[in-house]
Every structure is written in structure tokens, then in C-alpha cells.
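Whenever a hint applies, use it, and build me the whole structure from the sequences.
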Amino acid sequence: MTAAQHAIDFSGVGQVFRTASGALEALRGVDMTIGRHEFVAVLGPSGCGKSTLLRLTSGLIRPTSGVVSVFGLAVTEPRDDIGIVFQKPTLLPWASVEDNVVFPVRHKTGRVTPEDRANARIIIEKVGLAGFEARLPAELSGGMQQRVGIARALFMNPDILLMDEPFSALDALTREEMGFELLRIWEAQPKTVMFITHSISEAVLLADRVLVMSERPGHIVENLVIDLPRPRGIQTSNQKAMHDYVGHLRGLLLKRAA
Amino acid sequence: MTMSDTSAVSSSSAPPEAAMPGRSWAAWFVQTPGVLPAATFVAIILVWEASCRLFDIPAFVLPAPTRILGGFDAVTTGRWIEHVWATLRVALIGYVLSIAISLPIAIILARSEILSRAIYPILVVVQSTPIVAVAPIIIVALGSGDLPRVVITCLITFFPLVVSTTTGLMATPPELIELSRSLRAPVIREITQIRLPFAIPYIFSALKISVTLAVIGAVVAEFVAADKGLGYFIQFSTSMFQVQQAWAGLIVLVLLSLILFQAVTAVQRIWFPWSLPAERA
Numbered sequence: 005m006t007a008a009q010h011a012i013d014f015s016g017v018g019q020v021f022r023t024a025s026g027a028l029e030a031l032r033g034v035d036m037t038i039g040r041h042e043f044v045a046v047l048g049p050s051g052c053g054k055s056t057l058l059r060l061t062s063g064l065i066r067p068t069s070g071v072v073s074v075f076g077l078a079v080t081e082p083r084d085d086i087g088i089v090f091q092k093p094t095l096l097p098w099a100s101v102e103d104n105v106v107f108p109v110r111h112k113t114g115r116v117t118p119e120d121r122a123n124a125r126i127i128i129e130k131v132g133l134a135g136f137e138a139r140l141p142a143e144l145s146g147g148m149q150q151r152v153g154i155a156r157a158l159f160m161n162p163d164i165l166l167m168d169e170p171f172s173a174l175d176a177l178t179r180e181e182m183g184f185e186l187l188r189i190w191e192a193q194p195k196t197v198m199f200i201t202h203s204i205s206e207a208v209l210l211a212d213r214v215l216v217m218s219e220r221p222g223h224i225v226e227n228l229v230i231d232l233p234r235p236r237g238i239q240t241s242n243q244k245a246m247h248d249y250v251g252h253l254r255g256l257l258l259k260r261a262a
Numbered sequence: 003m004t005m006s007d008t009s010a011v012s013s014s015s016a017p018p019e020a021a022m023p024g025r026s027w028a029a030w031f032v033q034t035p036g037v038l039p040a041a042t043f044v045a046i047i048l049v050w051e052a053s054c055r056l057f058d059i060p061a062f063v064l065p066a067p068t069r070i071l072g073g074f075d076a077v078t079t080g081r082w083i084e085h086v087w088a089t090l091r092v093a094l095i096g097y098v099l100s101i102a103i104s105l106p107i108a109i110i111l112a113r114s115e116i117l118s119r120a121i122y123p124i125l126v127v128v129q130s131t132p133i134v135a136v137a138p139i140i141i142v143a144l145g146s147g148d149l150p151r152v153v154i155t156c157l158i159t160f161f162p163l164v165v166s167t168t169t170g171l172m173a174t175p176p177e178l179i180e181l182s183r184s185l186r187a188p189v190i191r192e193i194t195q196i197r198l199p200f201a202i203p204y205i206f207s208a209l210k211i212s213v214t215l216a217v218i219g220a221v222v223a224e225f226v227a228a229d230k231g232l233g234y235f236i237q238f239s240t241s242m243f244q245v246q247q248a249w250a251g252l253i254v255l256v257l258l259s260l261i262l263f264q265a266v267t268a269v270q271r272i273w274f275p276w277s278l279p280a281e282r283a
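First to last, the protein sequences are chains A and B.
So for the first sequence, our numbering puts the first residue at 5; every next one is plus one.
So for the second sequence, our numbering puts the first residue at 3; every next one is plus one.
What the hints contain is simulated information worked out from the structure, not anything from laboratory work.
Check the hints yourself; a few may be wrong.
Claimed, not checked - Here chain B is said to cover these stretches of chain A; the calculated rule only asks that three of the stretch's residues, wherever they fall, bring their Cβ under 8 Å from a Cβ of chain B: (1) 62-70; (2) 92-106; (3) 222-228.
Backbone N, C-alpha and C fix where the C-beta goes; we use that ideal spot for every residue, glycine too.
This is the structure:
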């Protein structure tokens, strides 16, 4: 595979933040690639710089050393073909579901066309919120709010979806349901997904490949291909192979923590 | 079945509404909103009236409520309207001007750390200056029209607005600012579409404080120099030892403040219901 075929490419990436208490080395020598339409989960202890990977990919920050490229081009500023889903839904509390979904275009261009609205309604239906277009975020449950967050990220039809622990604020049941929902959307409309999580089973259940990061300064210590059949669902969680993957990753993380 | 089970069932099966008729009207008295404060208010008035009559308190010390009612007749309705309008006009112009000044200042403070460091101490000095002490100086400097009164009202109202709005502008979820940056949207839209709307709850809490301060500012200005207005009327009445008249003016002033406060609250409830705390929305 040539570099141009990679959706995301990190080569020798280091990141040092200047803070009030001195320099903080978040990442050191990160090398990794994510192929087009690949679903990759990034797993690691808290504070290991997982979110920094995401923000580097999005172009919100520039690496201190090394190169981050997207589709073969070094990232120097935010790109239009990347959607971000945050840990919290962070919707606009005064705007309806539909207005929240079209917000990226309103914010970027200053206006919203009828096509944008029609488009938004299709996406709202896709994330399972048909009939809720006119509701305010406060009227929705946490899971539904995060669906709006996903719809907002999908609205600009990005090639790459960056997800920063998107389901970690949800209860266990909703979390699993949302995971399968995400897979359904991803399978219907393939995208490159970088999915940050600290849940081992979530990473294995969703991803094609799991990258494990070390504690700070973070680097990739494991690159595990998850060879489980798709489409995945509840039956996947009961497979022995799934338990083997989870066991392997848990052992790895526990050993590193010890 | 255990004891706790049965008690749980019995308490949950009897809603509080059903229990009320059985409980006498004392429960209604305490639980119905508005009844308790209204009753307290009436009780205070009655005790006040009774004390004035019983202990023969001179009217210039404390006029009885019935005498204060007489104070309303001291001037014609037309004169009352003139006084109210004079105070209301200055308070409102000062208030609106103050909003117009403080929003841009707040945006500057929130955006630029350097300007914030330069301007903020000056704002604190202005706020720390007792406005009553500055009022005569301003009146001398700016003459006797509405202008000095409006300036005084502005000075007293703008600080809470600036501080609260700045806090609100800084309290925006950082994720949305990242979203804005990732879209490479112009800064002006970051302010108008994200930061300002997110500051609305903060702005309204300051607007509520400031609207009552605006009335205070207008009255302080009238105390120094005026020939109209409720502040002028109160001062004039006391200088004539017409204390019941001054009390009547005071009551109108309190009502004016309450109405303005409720008006601001209503604006928030009607146009920005999402910015109210969830249980009151």
C-alpha cells in the first residue's frame, strides 16, 4: 500500500504541550496508519494522549515533531472532509435537533439552503431520530443527544469520522446499542473511523483493528487486527474469539499498568 | 413481606393531593404558592397600622399605612405620571446604553488577554467608586439635563453586565470552539453563533440585577439635582416634613423596580426559555 492510499498516516509524531508547570510530553514517536474506510479503535489508559491523536488528525493542533498526513497530504489546517464526535454531545441548547445538525453549514457559510435541510432530515432519520427534528436537546435522553452529535458530524459527509470516547457518558445498555447503531451506519455508508475509547470490549466489538497506546508519553504498543465476521451484533459478544481478543488486550493493559 | 415493604406501598399509593382535604386548610395555606408570602405581608401591614395607632407614633417618624395612602392624594395623577416618567425614562435610557456599552467591552475582555489586563483594573476602580459621591461631580460637569443622570445610571449598571457577560462568553463548551475552528469559520460567527448565545443565561442574570440598579442610579441622580422624578419627589416631600408623601413615592419606586425586574424575567421566559434552569422552563 502506498502512502496515498492511507486515510490517516502518522510518522514519528511527537507532541509536547507547554503548560504552566512546564513541558508536558503527550506523544513520542507515534507511527501508525489507518486505511480508507477502516474502523480503528485506539485504546489506552486515561491521559495517554488518545485525544491528542484525534486533534492532530483533525488539524486543530500541529505536531511538535514528525508528520501527520491525511490522504497523503501533510495536515496543516483543519480539513472539510473530517467530522468530529465529542465525548459529550455538546449541542446548542437553543437549537432544534435539525438546526443542530445543519449547524456546521450555518456556521461555516452563514446560511442554510433547503437542500441542506432536506439532507439533514435524511441523516436524522439514519441515526434513528425521525420525528424528533423540532425537539430541543433538553427534551432528549443522553443517548438521543449523542445521536444528534453523530448526525452533526455526518452532515458534511466527511470521509473521516473522528470519535473521542463518544459513548462513555452513556449507561452500559445504551452504550452497546449505540455501538451497533454506529456499525449499521458505517456499513451502509463506509467511512474511515478513528474511535477513541477506554473500553476494551467496545474496541474489540466495533473495530477492524485496535491500537493500544502506552501511558505518557504515548506511543503505539500493540496493533491488533480483529478478525471477527461482520455485520457484528449481540451474537458477536458471545463468540469465543471475541473473548480471546478482550483477554489478550486486558492482559496487555494490566501488565503495562503493573 | 417486611415492614419497609408495606410502608413503601402505602406511602406511594397515597398522592399528596389526595391527603390534603383530610388535613385542614392549614396545609393548603402553607402549600399553595403565593398564599404564605401574601399573608405575611398583610400581617406586617396590620401590625404596622396597629402599632402606629396604639403607641401614637408621630407621622414624621413612621406614618401608618392608612396615612401613606393619603400621601398618594398629595399630588394629582398627572403629576405622578410626570414623576414616574422622568425616573423611568432616565433609568431605561441609562440601562439600554449600558447594555450597548458593556456587550462590546465584554467581547473584548473575553477575546484578548492583553486588553483584558489593560481594561479590567480600570473597570474595578470605576465600580469601587461610590456612585453617590461621584454623582454631584458629574452633575456639575455635565449640567442639569437628562445627560448626567443617564451617565450616572450607566456607571452603576454596567459593571455586573460586563463581568457576567465576560464570564458567559468564556463558559462556552471548548468542544464547540474546536468544532468552529475545525470548520474554519470566521471569528465573528464564533462570537454570534456560539459564544454570545451560550452567554445568554449569564447575561440575563446580570440584566435582572442591573435593571433594579438602573432605578437606583436614576434616583441618586435626582437626589443631587432635579425638578421632577420620584427621587426628587421623595426628597422634596421629606424637606417639607410630608413623610407620608415620601413613603407614597417610595412605594411607587419599589413597584417600578419590581415591574422592570418582572419585565426582564418575562423577556427571558418568552424569547429564551431554554436559558432558564430546567425545573422552571
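Going through the hints against the structure:
1. Judged by the Cβ-Cβ criterion of 8 Å, the segment 62-70 of chain A is covered by chain B as claimed, because 3 of its residues qualify and three suffice.
2. Against chain B, the segment 92-106 of chain A contributes 5 residues with a C-beta closer than 8 Å to a partner C-beta. That satisfies the three-residue criterion, and the hint holds.
3. Coverage of the segment 222-228 of chain A by chain B is violated. Counting CB-CB distances below 8 Å, 0 residues qualify, and the rule asks for three or more.
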